[in-house]
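Asks: What follows is each chain in one-letter form.
Number of protein chains: 4
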Amino acid sequence: MTDKTFDELQQRLTDFAAARGWEPFHTPKNLAAALSVEAGELLEIFQWLTPEQAATVMADPDRAHRVRDEVADVLAYLLQFCTAVGVDPAAALAAKIERNEIRFPI
Amino acid sequence: MTDKTFDELQQRLTDFAAARGWEPFHTPKNLAAALSVEAGELLEIFQWLTPEQAATVMADPDRAHRVRDEVADVLAYLLQFCTAVGVDPAAALAAKIERNEIRFPI
Amino acid sequence: MTDKTFDELQQRLTDFAAARGWEPFHTPKNLAAALSVEAGELLEIFQWLTPEQAATVMADPDRAHRVRDEVADVLAYLLQFCTAVGVDPAAALAAKIERNEIRFPI
Amino acid sequence: MTDKTFDELQQRLTDFAAARGWEPFHTPKNLAAALSVEAGELLEIFQWLTPEQAATVMADPDRAHRVRDEVADVLAYLLQFCTAVGVDPAAALAAKIERNEIRFPI
Chain W
895 MTDKTFDELQ
905 QRLTDFAAAR
915 GWEPFHTPKN
925 LAAALSVEAG
935 ELLEIFQWLT
945 PEQAATVMAD
955 PDRAHRVRDE
965 VADVLAYLLQ
975 FCTAVGVDPA
985 AALAAKIERN
995 EIRFPI
Chain A
895 MTDKTFDELQ
905 QRLTDFAAAR
915 GWEPFHTPKN
925 LAAALSVEAG
935 ELLEIFQWLT
945 PEQAATVMAD
955 PDRAHRVRDE
965 VADVLAYLLQ
975 FCTAVGVDPA
985 AALAAKIERN
995 EIRFPI
Chain S
895 MTDKTFDELQ
905 QRLTDFAAAR
915 GWEPFHTPKN
925 LAAALSVEAG
935 ELLEIFQWLT
945 PEQAATVMAD
955 PDRAHRVRDE
965 VADVLAYLLQ
975 FCTAVGVDPA
985 AALAAKIERN
995 EIRFPI
Chain E
895 MTDKTFDELQ
905 QRLTDFAAAR
915 GWEPFHTPKN
925 LAAALSVEAG
935 ELLEIFQWLT
945 PEQAATVMAD
955 PDRAHRVRDE
965 VADVLAYLLQ
975 FCTAVGVDPA
985 AALAAKIERN
995 EIRFPI
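From first to last, the protein sequence lines are chains W, A, S and E. Residues in the first sequence are numbered from 895 upward in steps of one, following this note's numbering. Residues in the second sequence are numbered from 895 upward in steps of one, following this note's numbering. Residues in the third sequence are numbered from 895 upward in steps of one, following this note's numbering. Residues in the fourth sequence are numbered from 895 upward in steps of one, following this note's numbering.
If you are wondering where the hints come from, they were derived from the structure by calculation, not from laboratory data. Note that the coordinates shown come from a computational prediction; the quantities given were computed from them, not determined experimentally. All residues carry an ideal CB built from backbone N, CA and C; glycine is no exception. Heads up, a few of these hints could be off.
Said to hold, decoys possible - Label pairs and their calculated CB-CB ranges: (1) E:Thr-908 <-> S:Arg-993: 17 to 25 angstroms; (2) A:Thr-944 <-> E:Arg-960: 41 to 49 angstroms; (3) S:Asp-909 <-> A:Thr-944: 42 to 50 angstroms.
Claimed, not checked - Only part of the chain A face toward chain W is listed, based on derived beta-carbon distances under 10 angstroms: (4) Leu-903; (5) Glu-917; (6) Arg-962; (7) Leu-972.
Unchecked claim - Beyond 10 angstroms from chain S on every Cβ pair, some chain A residues (computed): (8) Pro-945; (9) Ala-949; (10) Asp-963; (11) Lys-990; (12) Ile-1000.
Go ahead and model the full structure; you've got the sequences and the hints to work with.
Replies: Set out below in structure tokens:
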């Protein structure tokens, strides 16, 4: 199993962009905008679906492909944003879960 | 180092929601909406900044905290969405990078 | 000049949807999602542009058409949302401007 | 009845921003980002609601106020964006409805 960790995927995305000279576009502001745009494209798949239809979205091969494709885009821009600002996404989430465990006690 | 992989974080988020009875809210459609909302909150930090100001956003401790907090929220909803629809986010991204290597040759 | 007021445009959109049997999809939640998705599509036009390039976006006929098209989509879903929840958009904005005149004194 | 037309509201927003020296921030790119952020805040009200709860959102005075407030913000940034790029929002929507009448015949 390869490329399953945040660090590996971030490195691959950095190499991909560098090989194509795309770094000048990958500013924090542009990447935050692109992340928001891609999250909108993921939501678009669901916008007219009833909750019942949305629950079985992966049963349709075309929609399932589109969902995986948009998940990949959202994750890509999130990781590239994190690289651009020097944030460790997994550490940020672990810290947030710890804060939420105090904020929302069981 | 703990909680650094997608699987571990997804499991922690699942346990967190289950312990609070939040699963009924965590439908694919709701999570896609929440992901988009949080991506908007991350973008909000940058909306009035010049590219130069945006490039040094982490030099301000308050903004840096807010950036890490919103990154955590985006990642949390992305991982919870993936759990809800049964998508492996790291595999989806690795597959997308491979398609893009063909689509955008060096 | 026709169709220049909010009321006229809202009525035309209502008639358009009714004639096609689309009302069941036009719930407040779905329309709020669609509005957000279309706002993302408008932002997409600008995501990789420098501020200078963005300032002259209308000089390119294709981009100019796309901008007008996305403005129309955002406005359409905003007006349909307002119809669905019974909000008068112009009155809501006038009231907000009055609150902001107090909140941000000159 | 005052401020009920697009032109009047656009002029009021322009005057409001000019009186506070906010024009330098109101670039097309920034306004497109702000519009998307505010559309997300409107969606946030609905993100965990069932379709049934969403249908009665205006029965709750606090939520109703929040809905009107976010509608105002979305409309404000849409109109300011249109001013910045020189697009007539009502004409853009009228033209789109005409195209859609051909694209989606009854």
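Asks: Now, for every hint given, state plainly whether the structure supports it.
Replies: Checked hints:
1. E:Thr-908 and S:Arg-993 have their C-beta atoms about 18 angstroms apart, which keeps the hinted 17 to 25 angstroms range intact.
2. Remark: the range hint 41 to 49 angstroms for A:Thr-944 to E:Arg-960 is contradicted by a beta-carbon distance near 31 angstroms.
3. A hinted range of 42 to 50 angstroms holds for the C-beta pair S:Asp-909 and A:Thr-944, which are about 45 angstroms apart.
4. With a least beta-carbon distance of about 6 angstroms to chain W, the hint placing A:Leu-903 at the interface is held under the 10 angstroms criterion.
5. Proximity of A:Glu-917 to chain W is violated relative to the hint, the smallest CB-CB distance being about 12 angstroms (cut-off 10 angstroms).
6. Checking A:Arg-962 against chain W by beta carbon gives a least distance of about 4 angstroms; that is within 10 angstroms, so the hint holds.
7. For A:Leu-972, the interface hint holds, since its Cβ comes within 10 angstroms of a Cβ in chain W; the closest pair sits about 6 angstroms apart.
8. With 10 angstroms as the threshold on Cβ separation, the claim that A:Pro-945 sits away from chain S is violated: the shortest Cβ distance comes to roughly 7 angstroms.
9. With a least CB separation of 13 angstroms from chain S, A:Ala-949 remains clear of the 10 angstroms interface cut-off, as annotated.
10. Every C-beta of chain S lies more than 10 angstroms from that of A:Asp-963, the closest at about 21 angstroms, which supports listing it as non-interface.
11. The claim that A:Lys-990 is not at the interface with chain S holds, since no C-beta of that chain comes within 10 angstroms of its own (minimum 18 angstroms).
12. Look at A:Ile-1000: its CB is around 19 angstroms from the nearest CB on chain S, clear of 10 angstroms, so calling it non-interface holds up.
Checked against the numbered hints given earlier, the structure breaks hints 2, 5 and 8 and satisfies all the rest.
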